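Heads up: the sequence lines are chains H and R, in that order. Quick note on numbering: the first sequence equals residues 0 to 327 in numbering that gives the first Met the number 0. Quick note on numbering: the second sequence equals residues 0 to 324 in numbering that gives the first Met the number 0.
Source of the hints: derived by calculation from the structure; they are not laboratory data. No experiment lies behind these values; they were computed from the predicted model shown. All clues stand as given, with none of them false.
BS3-like mimics (lysine-lysine), calculated; alpha carbons at most 27 angstroms apart, straight line: (1) H:K228 / R:K298; (2) H:K275 / H:K146; (3) H:K227 / R:K298; (4) H:K199 / H:K287; (5) H:K2 / R:K268.
These stretches of chain R come out as covered by chain H in the derived footprint (C-beta under 8 angstroms, 3 or more residues): (6) 7-14; (7) 66-76; (8) 311-324.
Beyond 12 angstroms from chain H on every Cβ pair, some chain R residues (computed): (9) A21; (10) Y256; (11) K268; (12) P294.
Using N, Cα and C, we set each Cβ at its ideal position, and we do this for glycine too.
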Amino acid sequence: MDKVLLAHGGGGSKSAELTRRVFQRFLHDPLLLEMDDAARLPGQVFSTDSFVVKPLFFPGGDIGRLAVCGTVNDLAVMGAEPLYLSIAFIIEEGFSVMQLEKILASIARACRESGARIVCADTKVVERGKADGIFINTSGIGRPLFKKPVQPSRVRPGDVILVNGPLGLHGVSVLTARGEFGLKGKIKSDVAPLWGLIKKCRSLDIPFMRDPTRGGLAQTLNELAQGKKFGVRILESELPIPRKVAAVCDLLGFDPLHVANEGKVVMVVARRDAAKALKMMRSHLLGKDARVIGEITSENPGRVTMATRTGSERIVMAPVGEILPRIC
Amino acid sequence: MEVCGTHTVAIRRFGLQRLLPAGVKLVSGPGCPVCVTPDSYIDEAVALARQGVVIASFGDMLRVPGSRSSLEKERAAGADIRAVYSPLDALQIAAETGRETVFLAVGFETTAPGIAAAAMKALENKLDNFSLLTALRLVPPALKALIAVDTGLSGFLLPGHVSAIIGRKAYDFLLQHRLSGVISGFSAEDIISSLLLLLEMHNKDIYKILNNYPAAVRDSGNEKSRTVLAEVFEPVDAEWRGLGFIAGSGLNVRPAYAGLDSRRRFTIKTESASPQRGCRCGDVLRGLIDPPACPLFNKACRPDQPLGPCMVSSEGSCSAWVTYG
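Chain H on its own, in the form it takes in the complex (with noise of 0.2 angstroms):
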């Protein structure tokens, strides 16, 4: 590895390579090492995320909320109440200082939304054509709420994977956005923030809780399968997959499981609790239309697997690379 190539920066395997065999050389903190999507400190979480996404304006949302909703939900995953955040932008001389208003009462909105406050904020700016209009970052700290914490390490085989709603909306609303590829109809992203929805499931115990974001869905379940002693089982008839996000993907030779969500979380639970949380994700918005789409298996370990409409089984893999570019 000589450069780094835009399937780097795709959330796959790649990236896992990039991180690995680069990044872990200089930076190896065990609380970094531990690869969640914040670091758990005494008290408190802690995450930060960057936002590239183009367009900077797509149906259903913007860079503006995918930057506060990206941060606020990589918190809440992890069971922490989102409180404070951090905003920096890098803007590319010649911006439209209306569009970046119509961007910043985007992420106030957010802010009101999810609960969380922006306390501190930093502007760069840089010579046209060193940026893409505009680059954001967020951090954000939050506050461990659940009882239990959630630690994969406590799945076990005959637990039950659930979803909080439709698959695959967020990557295929920013692609059709783009006009790229001579598609119409607008297909609105899902991006929101999580904490109000998770909230509500605090009093259950959730060894594993993620936010299926880039790599989709088939990401998410591979991170939780890999190097563990139980396997992941999904049933291809509960995934709640949109009409339009499954003939976008067939149009285009793409997986829908591999296709971003910027407001979806994955939850596993015991199996007695799958009633329950059922019932409590469906008792809000973003979790009306929550389902169970698989199980926890001793077979298979290791793997994600996939039962197929047709009654086969087939493999469920990781993206390996870049799939959209820059889609948060």
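Given chain H, work out where chain R should sit, using these hints.
Chain R only, in chain H's frame:
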């Protein structure tokens, strides 16, 4: 044999290969455009990219290793290489940048008419900075070459999209070899019903070419598309990975449109290098072995570091075997 890469992927995605009755086996054929494109073609594209030409290509080609580099690596090193979904996007790049733009014309009868139409549009719009580096391939000549030797195949699941252009009659030559074919769509139901038709014919010792995708395919195909194609392109002998040179199996730009032909427009110098040692893509493409029989399969050659094109292309059979199991 399922000829088409899209079928290979669909079969594995639906897990159909696990549902087949004993005694029935599906082998993948040479119908993945990226897979059958030889190394030398990538080398030509890399050489052009290094000359400062804008390269526009279907995304699948970017990661295919040539003998020394790949387009993905050239892009990271600063070459202007753009993934597009349509040859018309490449035209737009040529119009907007005003720079020499080369479209990597790779594909079968399905993509060739669209590329021909884009080329005609370039002429119409007097765009004189747009050209095609062709590696277009034709399905029937490859099938003819394949069955010229005994393959042990009993029938073909024929590609739906290619057949929409060339028509059902284009496969009549199979009958002389006592081989049947069924043209199939891409849903699980389409594929299962097509396999059933093939098995019925096999069991009754009947040889026919059936069209099980009538929504898209006619007996004589799409004549209009073939006319556009024939206006710009002419058949030539062409190299296929695994199958070698096959007479009349490729398409080149006709001399009348020399300006549209990157090979006439530029001097392309490539250094040849020895092919990847151990890679058995060629045998996979001929249906001689299943991917796991290749010594590199899922060891040195994996989806995240593919050595052979059958692992690079999402339609390649090696990739489909790893991805869907």
